[in-house]
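Q: Sequence:
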Amino acid sequence: MFSKTFGYALRAATHVAIHGKDGKKVGLQELSQSLDIPHHFLGKIMQDLVRHGILDSIKGPSGGFYANNATDGTPVLDILKITDGSLIFSQCALGIKRCNAANPCPLHNDFAVCRDGMLQALSEKTIGMLAAQVESGDAYLAR
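For the sequence shown, counting from 1, position 35 maps to 34 in numbering that gives the first Met the number 0; every step adds exactly one.
Calculated directly from the structure, the hints in this document are not laboratory data.
One thing to keep in mind: the hints can contain errors.
As the list claims (entries may be wrong) - Cross-link-like lysine-lysine pairs, in silico, DSSO-like; alpha carbons within 27 Å at most: (1) K3 to K80; (2) K43 to K24; (3) K43 to K23; (4) K3 to K24; (5) K80 to K20; (6) K20 to K43; (7) K80 to K24; (8) K80 to K96; (9) K20 to K3; (10) K3 to K43; (11) K96 to K3; (12) K20 to K58; (13) K43 to K80; (14) K43 to K124; (15) K23 to K58; (16) K20 to K124.
Using the sequences provided together with the hints, build the complete structure.
A: Encoded structure:
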C-alpha cells in the first residue's frame, strides 16, 4: 500500500531518532548496513528528510545525521507526504477519476472508513513514539 521509499524513510528517521541524539551522529554507511537499505537510495531519502527539517546533518569525516528538536514530534504522516505525497488519501481505490461521495465506486464507502482510520493513526503516531517502541523492545526496524 505504501512505497518502499516510505518504509525506508520511516525506518531511517526512527533509527536516527534513537542513535543520533545527545551530540551523536549516524553515518550513511552505518544506517545502510544497520537497516539493510541500499546506500545510494538511502542517501537520497536522507537528503529529503534533512531538506524538510525532519533531521539535520553535518558533512565531512566526522559528520552524519542527527535528530533535531522537531524529530521526535514529527508525525508519521509527514514522512508519508514527503515520500509518497498525500494522493493515497484522496484517490479512488479503483482508480476512477470521478469517484466521490455523490458518485461512489463500489468500494468508495468501505475505503473511506479505512482511509480515515489510517489518516488518523498516521497523524497521531510520531517518530518519537516509534523510537520508544523500538528502544523498549516492543518493535524492531531491521528484518
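Q: What's the verdict on K23 and K58, does the C-alpha distance respect the 27 Å limit or exceed it?
A: 14 Å, holds
Q: For the pair we were handed, K3 and K24, check the Cα-Cα distance against 27 Å.
A: 24 Å, holds
Q: Within 27 Å, alpha carbon to alpha carbon, are K43 and K124?
A: Answer holds: K43 to K124 is near 24 Å, not above 27 Å.
Q: Hint check: K80 vs K24, CA-CA at most 27 Å. Holds or violated?
A: 25 Å, holds
Q: Taking only the CA atoms, is the gap from K43 to K24 under or equal to 27 Å?
A: OK: K43 and K24 at ~18 Å, within 27 Å.
Q: Given the hinted pair K43 and K23, is their alpha-carbon gap at most 27 Å?
A: Between K43 and K23 the Cα gap is close to 21 Å, so the pair holds against 27 Å.
Q: K20 and K43 were given as a pair; does the straight-line alpha-carbon distance stay at or below 27 Å?
A: 21 Å, holds
Q: Under the criterion that the straight-line Cα-Cα distance not exceed 27 Å, is the pair K20, K58 satisfied?
A: Within the cut-off at roughly 17 Å; holds.
Q: Is K80 close enough to K20, meaning Cα to Cα at most 27 Å?
A: 24 Å, holds
Q: Run the distance test for K3 versus K43: straight-line Cα separation, threshold 27 Å.
A: Satisfied, since the Cα-Cα distance of roughly 13 Å is no more than 27 Å.
Q: So if I understand the rule, the pair passes when the alpha-carbon distance is 27 Å or less; does K80 with K96 pass?
A: Holds, because 21 Å separates the two Cα atoms, which is no more than 27 Å.
Q: Verify the proposed pairing of K20 with K124, using a straight-line Cα cut of 27 Å.
A: 20 Å, holds
When held up to the earlier numbered hints, the structure conflicts with none and fits them all.
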